[in-house]
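Asks: Quick note: the sequence shown, position 98, residue 97 per numbering that gives the first Met the number 0, numbers continuous.
FYI, nobody ran anything at the bench for these hints, they're computed from the structure.
Errors might be hidden in some of the hints.
List of simulated lysine-lysine pairs, DSS-like, C-alpha gap at most 27 Å [stated by the list, open to error]: (1) 217 to 192; (2) 237 to 21; (3) 39 to 217; (4) 194 to 39; (5) 264 to 217; (6) 3 to 26; (7) 31 to 335; (8) 237 to 184; (9) 31 to 237; (10) 21 to 192; (11) 26 to 264; (12) 113 to 217; (13) 113 to 39; (14) 264 to 184; (15) 21 to 31; (16) 237 to 26; (17) 21 to 194.
If you anchor each label on the Cβ, the simulated ranges turn out as follows [stated by the list, open to error]: (18) 189 to 381: 45 to 51 Å; (19) 260 to 381: 19 to 25 Å; (20) 192 to 152: 26 to 32 Å; (21) 42 to 17: 18 to 24 Å.
Because the structure is a prediction, the values reported are computed rather than measured.
Beta carbons: idealized from backbone N, C-alpha and C, even for Gly.
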Amino acid sequence: MTPKEIRIEDYNYPLPDERIAKYPLAKRDESKLLLYQNGKIGESVFKRLPEFLPSDTLMVFNNTRVIQARLLFHKETGARIEVFCLEPAEPRDYALIFQTTGRCQWTCLVGNLKKWKSGPLEMPLTVSGHPLTLRAERLESFGDSHRVEFSWDDTRVTFAELLDAAGVLPIPPYLRRETERSDLKTYQTVYSKIKGSVAAPTAGLHFTPEVLAAIDTKGIGREEVTLHVGAGTFKPVKSETIAGHEMHTEFISVNRSTIERLLEKLGHIIAVGTTSVRTLESLYYIGVLLETNPEATSEELVVKQWMPYEEGSNRLTVERALRNILAYLDRRGADKLVTATQIIIVPGYEFKLVRGIVTNFHQPQSTLLLLVSAFVKGDWRSIYDYALAHDFRFLSYGDSSLLL
């Protein structure tokens, strides 16, 4: 069977609603930790994670920060229209768009679209003591997405400040509740820095300053990458085989110094979360693209969904691929690689950089479960059966696992 022929129904399991954690534990690192290595399963508590990490490990974290991406407008008729900011359109750069004043454009999802026939939506606001009106105008539509221009009449106020004042933090739809004030803190990792995600990299939610300090004390290395998680992370697989599922494209950014550290630590890299896995594994294929097109633009370096499974895509050593990226950055006088990835990791995938994963328990029939199955060589069901039988909590606010 080829990866494209994988049937998603083979990745189903019973997940009762009461096993989905609606809220996090009061203390992040008191969550349960499932331990998996070479088919053996055990359990502990997350704050003891450093004890189970090999001493020569390099851990890689996704430092993205969730933005308050949901903007709720009300028409004079009383209709509520939700405009959900997915990714920057103009300017395309995340850092630049958050600093814009006056106007900017985003690719958005729109809730209750049938009530927004034409014309702008308006929202009166006060931001940092400045009263203003935020307007949203739909410019064009493509599929489920819409290009929306936001404008506001006070150029002292940035779009980042607008979102902080008016936006609602998007929590996963399967929590089946409204966002609460506590989520503003609990749905961010303690090391989040770079704004841009519409969902948290949830494996990181268990880490506390104390756990990070214990990792440092043990002499285990830590590096950070950025992948901004898109709403597509919750997109269900609706096709019978995985070939019919289109992965979302997500922004990634990796510092030159991190790539140098990865080269030093090949064979000892543990990724925190599936987003870090996808970022790290994408680096290999970016290096492959640079082998034949060393002057590629950032758009030409986007890793396409099925590239890892194509003939000739796995011909380089990992070292050669990473050195291609360093040479590319040298030629451009750049200190970081910025591009995007659409990579899908399913059974049959051959892992290049990642030797361990810290990850939560994922939804049935999801691409995240396929990634876990790929890593544990198809042994996912024994892990999930154990978790279900031993009262582990599931999904974003649930418990976690260390897979080696």
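Asks: Going through the earlier hints one by one, which of them does the structure break, listed in rising order?
Replies: Structure breaks hints 4, 6, 7, 8, 9, 11, 12, 13, 14, 16, 18, 19.
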